[in-house]
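Peer 1: Kindly produce the complete structure, drawing on both the sequences and the hints.
Numbering (my numbering) for the sequence shown: 11 to 100.
For the record, the hints were derived by calculation from the structure and aren't laboratory data.
In this text the structure is predicted, and so the values were computed from the model without any measurement.
Do not take every clue at face value.
Said to hold, decoys possible - Here are the simulated distance ranges between beta carbons: (1) 76 - 14: 38 to 44 angstroms; (2) 16 - 76: 20 to 26 angstroms; (3) 41 - 90: 35 to 41 angstroms; (4) 60 - 12: 52 to 58 angstroms; (5) 44 - 92: 41 to 47 angstroms; (6) 34 - 60: 35 to 41 angstroms; (7) 52 - 31: 29 to 35 angstroms; (8) 27 - 51: 36 to 42 angstroms; (9) 49 - 72: 23 to 29 angstroms.
C-beta atoms are modelled at their ideal positions from N, C-alpha and C, and glycine is treated no differently.
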Amino acid sequence: MERDLANSWRNYQTSLFILEAEKVNLKIAHLNLERTNAQFKVGQITSVEFRQAQLNLLTAATSSNTAKYDAKAIEMLLFQLSGELLEVQF
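Peer 2: What follows is the structure, encoded as structure tokens:
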């Protein structure tokens, strides 16, 4: 039981680190899209390059949401292992 709790705690800490990294990645993707949009408007880049920036933002948003979900799932496991989350059957 203690080993499971320690492992879950380490996994939770790792997932929080990943979540923060994904948040930074998402901000960078937003900034990149803004810069790419400005370049596209003045004709410095092609529509394919602009579309790639849009896809990069979408990928970053998906990764960020996945990291949030993973962190929350591990947090719920920690609550369950610690006894704070009781299984209630109706």
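Peer 1: Against each hint, give a clear statement of whether it holds in the structure.
Peer 2: Hints and how they fare:
Residue 76 and residue 14 have their C-beta atoms about 24 angstroms apart, which leaves the hinted 38 to 44 angstroms range violated. Between residue 16 and residue 76 the C-beta distance comes to about 25 angstroms, which sits within the given range of 20 to 26 angstroms. Evaluation of the 35 to 41 angstroms hint for residue 41 and residue 90 yields a pass: the beta carbon distance comes to about 39 angstroms. One distance hint, 52 to 58 angstroms for the beta-carbon pair residue 60 and residue 12, holds here, with the actual separation near 53 angstroms.
Taken as a hint, the range 41 to 47 angstroms holds for the pair residue 44 and residue 92, whose Cβ atoms sit roughly 43 angstroms apart. Remark: the range hint 35 to 41 angstroms for residue 34 to residue 60 is contradicted by a beta-carbon distance near 23 angstroms. In this structure the hint that residue 52 and residue 31 lie 29 to 35 angstroms apart at CB holds, the actual value being about 32 angstroms. Between residue 27 and residue 51 the beta carbons are some 37 angstroms apart, a value that agrees with the proposed interval 36 to 42 angstroms.
In this structure the supplied range 23 to 29 angstroms holds for residue 49 paired with residue 72, their Cβ-Cβ distance being about 24 angstroms.
Of the hints listed earlier, those the structure fails to meet are numbers 1, 6, in rising order.
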